[in-house]
Amino acid sequence: MSTLSGWMGVLSDLCGPSHAPDLSTEDQAKHKVLKILFGAVFYGFTNCFIRKNMWNLNTPSFLRLAATHLRRFSLLSVDKPLRALAAEKRSLLGHLEECIDTVLVSPCVSVSKKETQTVLYILHRLLDHGVARKLVVQAQCPVILAWLLPALPPVSLRWWCPRRTVSTWAGGAAGGQSVWARLSERAERSPAHLLLPALSRPAQLWCVGDAEVMRVARALRRLHESSRSLLAELSISVLPCLELLEVLLAASPSLTSVHVEIQSVWGFQGPPAAESHVCVVFPAAELPLKMLTLKVGGSLTEAELIQRVLRRAPHLASLHLCGVRLAAGRSQAGLLTTLAESNRVLRTLTLEDIKLSDCLPQLQNLLRSCSLEELHLSDCRLLETWSQKEESLRQLVSSLRSAASLHTLGLPQNRLAKHVFLLAELFSGSSTSSLRRLDLSSNFIQPAELLDFARRLKTHPPPRRLTLDLRKNPGDRAPDQWKAALQLLRPWCVVLAEGWTSTNTMADHVSNM
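Here the working numbering = 1-based position in the sequence shown + 12.
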């Protein structure tokens with residue numbers, strides 16, 4: 013007998029009925045519940061459900077059971093439970109060593125605090141003795157990296173630059189000592205070892221300029237050239253200009269995963285490429301990149317820079333581009349053509365806030381050239397400049413229908429509205445579609461339009477149960493019609509639909525723009 017409904021009931025009690033995720037299997041629901049309960053019970057966070065059941069939850073046996081469902085463990089600045097984990101609950105720490113593959117360090121944790129010895133001991137156990145190979149450091153101070161990087165085989169590094177001034181002290185990166193072995197000599201003083209010895213003065217690390225990035229690049233190069241380097245993942249949330257991405261890739265050419273956000277400081281853009289003092293000759297060598305995320309914060313982008321990186325990454329399997337804007341009159345056709353020609357093994361593609369309405373032929377060619385499994389086109393203004401919107405969307409649907417490997421399709425915020433009925437053709441005729449998830453959220457689909465879509469889908473139902481995301485569409489315009497449409501869809505679909513308040517006129521206006 014399935015206990016899915018019971019687990020979903022617990023999840024609703026924990027998260028609230030409006031925030032509980034929609035899960036389709038008993039194992040998924042159980043996994044989610046136990047992950048939430050472990051974090052809450054371990055750190056002492058409570059709600060009505062936890063207080064009511066605390067007698068059964070706050071036990072060693074339950075925490076050990078819940079720990080087997082964890083893969084990520086967050087080190088928060090909550091001293092008492094962490095001290096217990098390093099002392100009387102050390103057997104639980106042993107269980108965490110066996111199952112945790114990612115450790116996240118809270119921004120509140122600082123190695124300058126004496127009590128953080130406990131945190132560093134737990135890090136030592138999870139990273140030196142356990143199976144953890146990813147470390148996500150949301151550091152208030154860059155010094156924390158010096159405690160970790162020199163001592164560990166650094167498989168993964170993520171770096172957030174906080175908006176505050178910090179002081180650093182000159183010094184060299186330590187050798188092969190373990191984190192825990194260095195505690196006794198540093199317990200009574202502020203740590204002095206640095207990842208970047210060149211930063212010997214106070215630095216506003218959120219105001220990252222070319223010079224600061226070049227220092228990071230030099231440190232990455234030293235790390236790459238060391239015999240102990242296994243660095244595979246790099247995430248930097250504040251990079252002043254896109255040109256510096258190539259600098260970082262040249263400094264650490266063995267990276268397989270890169271996440272970069274381009275953010276100008278105080279609204280000013282960095283110098284154009286021709287005027288920048290960053291002058292590096294980049295080798296045309298092939299990159300082992302498998303995952304690339306690039307988010308651009310509002311400034312115009314030089315398309316050739318992105319395409320140049322993509323052409324050097326033939327093994328790229330996952331790409332997420334957000335906010336890539338070109339000068340007036342320019343098209344993203346070159347980007348899509350580059351993907352089709354140079355990134356044939358691409359499996360997951362997410363394009364967000366990128367205008368694609370003039371790129372239909374290139375988008376169709378991409379679908380033919382790559383065996384995409386997930387395609388997310390969010391706020392891509394697909395219909396914006398199409399003179400024959402219905403016919404053009406029908407052509408796109410035909411290409412999507414022929415993409416046999418595609419199991420997830422996201423089209424949120426594309427103002428499909430009255431044209432949504434055409435997406436029912438994804439499963440018509442001799443379709444080879446293996447689609448399992450379709451995201452149509454935030455498309456201003458009104459009840460009558462959804463009802464039309466539901467009737468057409470009933471005529472050509474999907475071959476397998478489809479998860480259909482209809483959130484943030486104005487279902488309250490005609491509630492009875494909306495309910496009738498949902499009723500028609502439910503035999504074929506797991507429908508995700510939350511309430512819409514049409515009195516929220518700004519959201520209404522933006523969705524209909």
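Calculated directly from the structure, the hints in this document are not laboratory data.
Check the hints yourself; a few may be wrong.
[Unchecked claim] Pairs of lysine-lysine residues, derived as BS3-like cross-links and limited to a Cα-Cα distance of at most 27 Å, are as follows:
1. LYS430 to LYS302
2. LYS101 to LYS64
3. LYS367 to LYS302
4. LYS44 to LYS101
5. LYS92 to LYS47
6. LYS64 to LYS146
7. LYS484 to LYS495
8. LYS484 to LYS430
9. LYS47 to LYS146
10. LYS495 to LYS470
11. LYS42 to LYS146
12. LYS470 to LYS430
13. LYS64 to LYS44
14. LYS64 to LYS42
15. LYS401 to LYS367
16. LYS484 to LYS307
17. LYS495 to LYS367
18. LYS470 to LYS401
19. LYS401 to LYS430
20. LYS401 to LYS484
21. LYS307 to LYS367
22. LYS470 to LYS484
23. LYS302 to LYS401
24. LYS64 to LYS92
25. LYS146 to LYS101
26. LYS470 to LYS367
27. LYS42 to LYS101
28. LYS146 to LYS302
29. LYS146 to LYS307
30. LYS470 to LYS44
31. LYS47 to LYS64
32. LYS92 to LYS44
33. LYS47 to LYS101
[Said to hold, decoys possible] Computed spacing ranges between beta-carbons, pair by pair:
34. ARG83 to GLN493: 39 to 47 Å
35. ASN68 to ASP492: 42 to 50 Å
36. ALA99 to GLY21: 45 to 53 Å
37. LEU312 to THR15: 30 to 38 Å
38. PRO93 to ARG337: 20 to 28 Å
39. THR471 to SER73: 49 to 57 Å
40. MET66 to CYS111: 44 to 52 Å
For every residue, glycine included, the Cβ atom is placed at its ideal position computed from N, Cα and C.
Hint-by-hint comparison with the structure:
1. The straight-line distance between the Cα atoms of LYS430 and LYS302 is roughly 38 Å, outside the 27 Å bound, and the hint therefore fails.
2. For the proposed pair LYS101 and LYS64, the alpha carbon gap of about 24 Å is at most 27 Å, so the pair holds.
3. The hinted pair formed by LYS367 and LYS302 meets the criterion: a straight-line CA distance of about 25 Å does not exceed 27 Å.
4. Pair hint LYS44 plus LYS101 holds up; C-alpha atoms about 23 Å apart against a cutoff of 27 Å.
5. Taking the CA atoms of LYS92 and LYS47, the gap is about 20 Å. The hint holds against a cut of 27 Å.
6. Pair hint LYS64 plus LYS146 does not hold up; C-alpha atoms about 35 Å apart against a cutoff of 27 Å.
7. Between LYS484 and LYS495, the direct Cα distance comes to roughly 15 Å. Compliance with the 27 Å bound is thereby established for this hinted pair.
8. At most 27 Å may separate the alpha-carbon atoms for a hinted pair to count; LYS484 and LYS430 meet this at roughly 15 Å.
9. For the hint pairing LYS47 with LYS146, the CA-to-CA distance comes to about 18 Å; that is within 27 Å, so the pair holds.
10. As the CA atoms of LYS495 and LYS470 are separated by approximately 16 Å, the hinted pair is consistent with the 27 Å bound.
11. Between LYS42 and LYS146, the direct Cα distance comes to roughly 25 Å. Compliance with the 27 Å bound is thereby established for this hinted pair.
12. Restraint check for LYS470 and LYS430: the C-alpha separation of about 18 Å stays at or below 27 Å, so the hint holds.
13. As the CA atoms of LYS64 and LYS44 are separated by approximately 19 Å, the hinted pair is consistent with the 27 Å bound.
14. Simply put, LYS64 and LYS42 have alpha-carbon atoms about 19 Å apart, close enough for the 27 Å limit, and the pair holds.
15. The hinted pair formed by LYS401 and LYS367 meets the criterion: a straight-line CA distance of about 15 Å does not exceed 27 Å.
16. Simply put, LYS484 and LYS307 have alpha-carbon atoms about 24 Å apart, close enough for the 27 Å limit, and the pair holds.
17. Distance restraint check for LYS495 and LYS367: the Cα-Cα separation of roughly 33 Å exceeds the 27 Å cut-off, and the hinted pair is therefore not satisfied.
18. With a C-alpha separation of about 24 Å, the suggested pair LYS470 and LYS401 falls inside the 27 Å cut-off, and the hint holds.
19. The straight-line distance between the Cα atoms of LYS401 and LYS430 is roughly 11 Å, inside the 27 Å bound, and the hint therefore holds.
20. Between LYS401 and LYS484 the alpha-carbon distance is near 23 Å, which keeps this suggested pair within the 27 Å criterion.
21. A distance of roughly 15 Å separates the Cα atoms of LYS307 and LYS367; the hinted pair therefore holds under the 27 Å criterion.
22. Using a Cα cut-off of 27 Å, the hinted pair LYS470 and LYS484 holds, with the two alpha carbons roughly 23 Å apart.
23. In summary, the hint linking LYS302 to LYS401 is not supported, as the alpha carbons are separated by about 35 Å, beyond the 27 Å threshold.
24. Between the alpha carbons of LYS64 and LYS92 the distance comes to roughly 22 Å, so the proposed pair stays at or under 27 Å and holds.
25. A distance of roughly 24 Å separates the Cα atoms of LYS146 and LYS101; the hinted pair therefore holds under the 27 Å criterion.
26. Of the pairs offered as hints, the one joining LYS470 and LYS367 is violated, with about 32 Å between alpha carbons and a cut-off of 27 Å exceeded.
27. Between the alpha carbons of LYS42 and LYS101 the distance comes to roughly 24 Å, so the proposed pair stays at or under 27 Å and holds.
28. As the CA atoms of LYS146 and LYS302 are separated by approximately 16 Å, the hinted pair is consistent with the 27 Å bound.
29. As the CA atoms of LYS146 and LYS307 are separated by approximately 22 Å, the hinted pair is consistent with the 27 Å bound.
30. Of the pairs offered as hints, the one joining LYS470 and LYS44 is violated, with about 33 Å between alpha carbons and a cut-off of 27 Å exceeded.
31. Under the criterion of a C-alpha separation no larger than 27 Å, the hint pairing LYS47 with LYS64 is consistent with the structure, at around 18 Å.
32. Annotation: proposed proximity of LYS92 to LYS44 holds, straight-line Cα distance about 25 Å (limit 27 Å).
33. A distance of roughly 18 Å separates the Cα atoms of LYS47 and LYS101; the hinted pair therefore holds under the 27 Å criterion.
34. Look at ARG83 against GLN493: about 43 Å separates their beta carbons, and that is inside 39 to 47 Å.
35. Distance hint check: the CB atoms of ASN68 and ASP492 are about 44 Å apart, consistent with the given range 42 to 50 Å.
36. Between ALA99 and GLY21 the C-beta distance comes to about 36 Å, which lies outside the given range of 45 to 53 Å.
37. The hint said 30 to 38 Å for the Cβ distance between LEU312 and THR15, and at roughly 54 Å that hint is violated.
38. The hinted range of 20 to 28 Å is not satisfied by PRO93 and ARG337, whose Cβ atoms lie roughly 46 Å apart.
39. Separation of THR471 from SER73 is about 53 Å and conforms to the stated range, judged on CB atoms against 49 to 57 Å.
40. Separation of MET66 from CYS111 is about 24 Å and departs from the stated range, judged on CB atoms against 44 to 52 Å.
Checked against the numbered hints above, the structure breaks hints 1, 6, 17, 23, 26, 30, 36, 37, 38 and 40 and satisfies the rest.
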